[in-house]
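Produce the entire structure from the sequences given, and follow the hints as far as they go.
Number of protein chains: 2
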Amino acid sequence: MTGKRMLHLNAFLMSTGHHEASWRLPESDPAANTDVRHYVELARTAERGRLDSVFFADSPALFSDVGRRPAGSLEPTVLLAAMAMATERVGLIATASTTYNEPYNLARRFASLDHLSGGRAGWNVVTTATLDAARNFNLDELPGHRERYRRAEEFVEVSAKLWDSWDDDAVLADKDAGRWGDAARVHPVEHAGRHFSVAGALNLPRSPQGRPVLVQAGSSEDGRDFAARHAEAVFTAQQTLADAQDFYADLKNRARRFGRDPALVKVLPGIVPVIGGTEAEALALERELDELIRPEYARDQLARTLRVAPSDLPLDGQLPADLPDEDEIEGAKSRYTLIVTLARRERLTVRELIGRLGGGRGHRTFTGTPDQVAAALEEWADAGAADGFNVMPPVLPSGLDVFVDQVVPLLQDRGRFRRDYDGTTLRDHYGLPRPTPVRVPLDGSLDDSQEIA
Amino acid sequence: MTGKRMLHLNAFLMSTGHHEASWRLPESDPAANTDVRHYVELARTAERGRLDSVFFADSPALFSDVGRRPAGSLEPTVLLAAMAMATERVGLIATASTTYNEPYNLARRFASLDHLSGGRAGWNVVTTATLDAARNFNLDELPGHRERYRRAEEFVEVSAKLWDSWDDDAVLADKDAGRWGDAARVHPVEHAGRHFSVAGALNLPRSPQGRPVLVQAGSSEDGRDFAARHAEAVFTAQQTLADAQDFYADLKNRARRFGRDPALVKVLPGIVPVIGGTEAEALALERELDELIRPEYARDQLARTLRVAPSDLPLDGQLPADLPDEDEIEGAKSRYTLIVTLARRERLTVRELIGRLGGGRGHRTFTGTPDQVAAALEEWADAGAADGFNVMPPVLPSGLDVFVDQVVPLLQDRGRFRRDYDGTTLRDHYGLPRPTPVRVPLDGSLDDSQEIA
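Protein sequences appear in the order of chains A and B. So for the first sequence, the UniProt record's numbering puts the first residue at 1; every next one is plus one. So for the second sequence, the UniProt record's numbering puts the first residue at 1; every next one is plus one.
Just so you know, these hints were derived from the structure itself, not from any lab. Quick caveat, the model's predicted, so the values are computed rather than measured. Even glycine gets a Cβ: it sits at the ideal position worked out from N, Cα and C. Since no wrong hints were added, every one of them can be taken at face value.
Restraint-style ranges between C-beta atoms, simulated for each label pair:
#1 A/Leu172 x B/Pro295: 13 to 23 Å
#2 A/Lys175 x B/Thr278: 18 to 28 Å
#3 A/Glu296 x B/Pro435: 27 to 37 Å
#4 A/Leu172 x B/Asp169: 51 to 61 Å
#5 B/Gly423 x A/Ala249: 56 to 66 Å
#6 A/Arg257 x B/Ser311: 52 to 62 Å
#7 A/Asp422 x B/Ala31: 23 to 33 Å
#8 B/Asp169 x A/Asp140: 26 to 36 Å
#9 A/Pro433 x B/Pro310: 38 to 48 Å
#10 A/Gly423 x B/Arg344: 56 to 66 Å
#11 A/Glu88 x B/Arg419: 31 to 41 Å
Which chain B residues face chain A? A few, computed with CB under 7 Å, are given here:
#12 Ala183
#13 Ser197
#14 Ala199
Put into structure tokens, the structure is as follows:
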């Protein structure tokens, strides 16, 4: 046993990689975003490296200029079900929106994924911050930030009731007596709230993990409170060690204030590892990628994020002085603030800012040798900035291969990372307990009169 | 080449089989309903038999008394994604509700399944006829039958627009020029209708089949019209050859009236094959299963379907004379009528009716040797009652094994069934064309101003 903090590692998967120009490299397959075999190989690589989990972001809208980079993606719960069949241990975390789903459907899909993966499902709970998505779901405007989080609170509450609606021992399988299940151990949720009315029990016995691991990734005030109340793992974008330390301490404190054990809320900053055999090789790879960015695409997107015209963003000038406050943003608040803060703090030109965002969309880039990257991860962990990392390879599959084959062994040698899985479920990997069903007093029997043949 | 009609065969999968007591047999695994390995084996068996497809029914509610039989099921789109990875050719048809989903989410899941299976996805479109489901989605009452079908019409229309929103050649993958896709070949759907407003294009390039195969299974007036307008395959429950002939002719006529080629609407009655080495063995298996039914469970469910009290249904008496007309039923109209017609025509006691429904829920049972079953299928096909069959084994996996290993070879020998797959997609198997995108005149470019970074 070592006194050192063991890290948790999640692989954030995205088509040809997180660098927006990665698809232009000779090695990259531009059709990777719709190719299940690409993702199956990535999941196997993550499992070879004994990573805790793989993860997909998601939004129910076509989010980027299709000229710029691979656009569109396979729906994550469906894709991860396929990937589950090709792996045995690695966790499988899908993003899904509480604003544009119904709890009964989504709770069931995650319980299904948990069953068929043998207890490896996780849900990254998002409220979906784009007008594009709203306009695909009968709305003309993006629902307000606060309102989206209120709905998310109730959505997670109802989902937990559904996941807990079957006792773990509800299935009797008594062939002799002809009793398959015990209706007294299946509990209709009878939820009647502000956003949702859900009467019945889930149409699925309780899953191996009881509930999927809950993940959260928004860093606004509302987002942090939501994470502190519900999340078991938090993905976050932090540019500097000091910012990451502040975020880490703040989130753990919030969790404590909500009565939770802060050790059961794992904080994983996103990091983009740009790795070379020498530092010079790593820097050359970074430069090669940055030179493949087409700045006009990126400037258009930056202008939309900042609510200004592209002509207000000359490539070799700095950001305009009179940008809106975060309070005025109803979309992705924490992302907005991260970009503006980064540009102002480092006095970046628009062109430089685009380069920094294009590499990892505002996440921290570590460029160097495997040893340098491993040391940087250790430093952040020791400085109270991270329980682990959300690893965002700039190029896929090669960037995950090099991380798994060259960085992970160093972390293992330093006693920072498991050499093999201790358990079988995602909760096992993150050291999280299996939730016991919460029972609101009820009469305890299914109301059969509500069923129709 | 033979002039005989080649059959289409779909395997309707359900936990331990379609007979409600199948789970009580010594050979059955009572946990099969949550075991992906069980379903993977069934899909492989179907593929070994060169069947067109496998299929799951579904409802977003806990539908049966949990004491009676295996209750709850893995969500079909997620489950079929897993099964896709273990098979290469067999089609994968999932049921999903138009009443309790949003088109953007569901169209995307089916397109995702189509991508990751290499073009094998099918969607059984249902409107979901139970109050139980309504009460899981914020409603106190079941929406009316007509209203559900109106929503289904628009749901399918929007879904088709989404599946067609990317031209087949929209992905350029031009690394040199730095142009991944051509925005002029990606078309926002801009749908604004009675039930849905959906602005954007799908967030996924067009899938191998263009659109999943559309299947329909309701046989009410509204259901038949819906099928005649949209369905490419129709699953139906018909007890007698005469009824099946009437249904077949009626559906083909309706399709013709809607301007469609009736040959492109495949009609597949459900059949429950109870197969033995001799007729006596088959009858013994049927009797063994029927004797394992607990009639009190089945009577409670029958009472709910018929809107009467269980005490109105003495096991050895006939159905009450004063049951409601189909017009008064807002739930599953055609199922209601099928049950009442069956009981009255054959003057069945409640106990006898329960036996008939317990074996296949009102679908036609063929009990006999493989030769007798194959002959019965040929007879229905030659008599203009079927383009193929929805095969509902009473016991799984053994009932599918015996069908594939003993009935299919006879159909092949008689020139009624393929000896190998001719193509790779579900459309190939059913002889259906790949749809060309329908283009409403538009300005043809993505409205970038709607995107937010």
